[in-house]
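**Student:** Take a look at the letters that make up each chain.
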Amino acid sequence: MTTSAPARQPEHGRFRMARTIHLERRLEVPRWLPVATTIGAVVVALLMSGVILWFAGGDPVAIFIHILRSSFGSLGVLSDTLVTATPLILTGLACALAFRMRLWNIGAEGQFLMGAWGASAVLLIPIVPAGTPSIITIPLMMAAGMLAGALYGAIPGILKAYRNVNEIIVTLMLNYIAAAWIAYWVFGPWSEAGFQLTAQFPKSDWLPRLSDFASSVPAFAGLTVHLGLIFGLVAALLVRFLLFRSRRGYEIRLIGDSPRAARYAGINVARNTVIVFAMSGALAGLAGMSEVGGVVHRLQQVISPGYGFTAIIVAYIAKLHPYGVIIAAIAFGALILAGREIQPSGIPAMIQGIILFCLIASEVVLRYRVRIERRAA
Amino acid sequence: MDPTTILAAGVASGTVLLFAAVGEIFAERAGVINLGVEGMMLIGAVVAFGTAVATGNPWLGLALGTLAGGLLSVLHAIITISFQAEQVVSGLALTFLGTGLARVLGEDLSKAGAIALLPTLTVPGLAALPVVGPIFFTDQSVLVYVGYAVVPIAWYWINRTRPGLHLRAVGESPTAADTLGVDVYRLRYTYVIVGGLFAGLAGATITLAISPGWFGDLTVNGQGWIAIAIVIFAQWGVGRAALGAYAYAAIGRMLIDIQGPQELFGFPNPFYVNHTLTFFLGMVPYILIILVLVAVSGEAIRKRIGAPAALGIHYVRGERGH
Chain A
2 MTTSAPARQP
12 EHGRFRMART
22 IHLERRLEVP
32 RWLPVATTIG
42 AVVVALLMSG
52 VILWFAGGDP
62 VAIFIHILRS
72 SFGSLGVLSD
82 TLVTATPLIL
92 TGLACALAFR
102 MRLWNIGAEG
112 QFLMGAWGAS
122 AVLLIPIVPA
132 GTPSIITIPL
142 MMAAGMLAGA
152 LYGAIPGILK
162 AYRNVNEIIV
172 TLMLNYIAAA
182 WIAYWVFGPW
192 SEAGFQLTAQ
202 FPKSDWLPRL
212 SDFASSVPAF
222 AGLTVHLGLI
232 FGLVAALLVR
242 FLLFRSRRGY
252 EIRLIGDSPR
262 AARYAGINVA
272 RNTVIVFAMS
282 GALAGLAGMS
292 EVGGVVHRLQ
302 QVISPGYGFT
312 AIIVAYIAKL
322 HPYGVIIAAI
332 AFGALILAGR
342 EIQPSGIPAM
352 IQGIILFCLI
362 ASEVVLRYRV
372 RIERRAA
Chain B
117 MDPTTILAAG
127 VASGTVLLFA
137 AVGEIFAERA
147 GVINLGVEGM
157 MLIGAVVAFG
167 TAVATGNPWL
177 GLALGTLAGG
187 LLSVLHAIIT
197 ISFQAEQVVS
207 GLALTFLGTG
217 LARVLGEDLS
227 KAGAIALLPT
237 LTVPGLAALP
247 VVGPIFFTDQ
257 SVLVYVGYAV
267 VPIAWYWINR
277 TRPGLHLRAV
287 GESPTAADTL
297 GVDVYRLRYT
307 YVIVGGLFAG
317 LAGATITLAI
327 SPGWFGDLTV
337 NGQGWIAIAI
347 VIFAQWGVGR
357 AALGAYAYAA
367 IGRMLIDIQG
377 PQELFGFPNP
387 FYVNHTLTFF
397 LGMVPYILII
407 LVLVAVSGEA
417 IRKRIGAPAA
427 LGIHYVRGER
437 GH
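Going down the list, the protein sequences come from chains A and B.
For the first sequence, the positions run 2 to 378 when this note's numbering is used.
For the second sequence, the positions run 117 to 438 when this note's numbering is used.
Don't read these hints as lab results, they were simulated from the structure.
Glycine residues also receive a C-beta, built at the ideal position from the N, C-alpha and C atoms.
Worth double-checking, as some hints may not be accurate.
[What the hints assert, rightly or not] Computed from the model, here is a short list of chain A residues facing chain B with C-beta under 10 Å: (1) P157; (2) I170; (3) A181; (4) T311; (5) I348; (6) G354; (7) F358.
Could you build the full structure based on these sequences and the hints that come with them?
**Tutor:** Below, the structure is given as structure tokens:
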């Protein structure tokens, strides 16, 4: 792509200088550039959001300071931020993994819900008798949540791999189906005394929180961070290992970069499609399990303010890197947490959209470099 | 459970899907996927409704709502065509942005009372026709009739005119089109914006004619995504998209009506007896969409038809490609 500015001609110049602006394709990307453009894009996005807020009659500086203070201002709110970040880490990893292979899993939200349902089923069907020690129930809930998410994720994977059905539409439709499925169970068979939620899980089956250890470490009193955060951090380690240190990961990245080359290299694209979708669903399912086990402590209709959708942006900010997902998830955890108090309620969603726009727009800098040439005409 | 009522309602609310799907067909025929339909529809819906509330003039609302959808699509055009960003992600960003912005703009609109709606028409003569009359020509919104006109015009434009040929060329083989002197970038910009205008119109159709009012995200409630699915079902053809839109909406209406009566075909109605079962009825449209897409992909493979060849692929002049 070459955009040429018309030559400006000085009226009394001894020789005329033609100045042209070239966009030329980069052959190599300097290591610092992706990080710099990401930070730049986020800054630009926040500035743009600020301008919109100002037009809407708000005080952008006050709103941003409010977001920072109510998410990082004290140990207590920092802990709440990490709690909100936990499902975002896991769903963000789910998206990052699928997007690496250019599989558009927009269904993390539905897989999250099915994971929450699977984990709840362990206690509510019940699969284990009441009073089973938590050392058994919690791992069972994890397994059930991941299995439910993986099976639900495998559906678009199989349809994509063997029937070439558009996975974006299928995953989106499955989100709606999962929401109706949850609604059926909390309004129907599992309803607590006719209310639209299930009975609270027994306290012994809650994921342990920092505050549970306040008797031995007084500083932990009131801190809500729960075991799910560890799930997220361990999952990030595992996904990084999978992507960059294993044969499967090599195949996934190769398919993502060039499916044709991968096919020539004898890689089974269809099989990998199903496997990656199932793994992605398992991660999102674990997020759902961690949310009902660690935060909500029951199944109810609304357990996610759209974690599965925010996860898409989290994955993109992280440039699909597992460790980056952790950082981006914490930032968006803060935005969601503080956003609950911001009016109008659409502002956090709007800021998320602007950030995503600026991010993908900024990638042009990674692909092209701007050269301004002067040459005598 | 009256078939005529169900079909007439299907035609009415199917018009929303029809507009959105036709817009997306234009954009995708030019080679650009825009997954921001849901966001553009929400913006169109909120601007149209807000204008109608503020000015009392639904026609002005219709115009501004349509324009608002077009305006939002310009962002997608710049980012995907000029900046060559990933079309899928840009479309998702557009949906996030449109949803958030619509909620911000619609903050005070949920409490707004009744507004003057666009008029409904009964066509003398045609309305008297058996079967067809009561379904298509009786007491339908003026926008439903616009829908009837859009389908043949869009079909003719795409398949029988010179600009339509250029449109298809840009979506199938931009390099060849460019060689023949067609301005690929300009046409892609044009049709992405046409798609945005149609999505805005679709949103305005909801709030000014079909189900008036502002209910936040639920105003559009995923119909933008359904429209995209209908485009695939239609295999990028306008006529089949119209059929899909009307049929989908009619099925949706039938699933609501089925919950009402105490007896169905002489048996106790299970959905009347146990209301929680209706959640399964709520899943049916989405399951149906998935099943239809599976069937269509089989058909596409058999008949060797499918998406425009350059769909989703950036065109960079002077680089190898389509």
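**Student:** Work down the list of hints and note, for each, if the structure agrees.
**Tutor:** Hints versus structure:
| no. | hint | in the structure |
| --- | --- | --- |
| 1 | P157 | 9 Å, holds |
| 2 | I170 | 5 Å, holds |
| 3 | A181 | 4 Å, holds |
| 4 | T311 | 9 Å, holds |
| 5 | I348 | 6 Å, holds |
| 6 | G354 | 3 Å, holds |
| 7 | F358 | 5 Å, holds |
In this structure, every one of the numbered hints holds.
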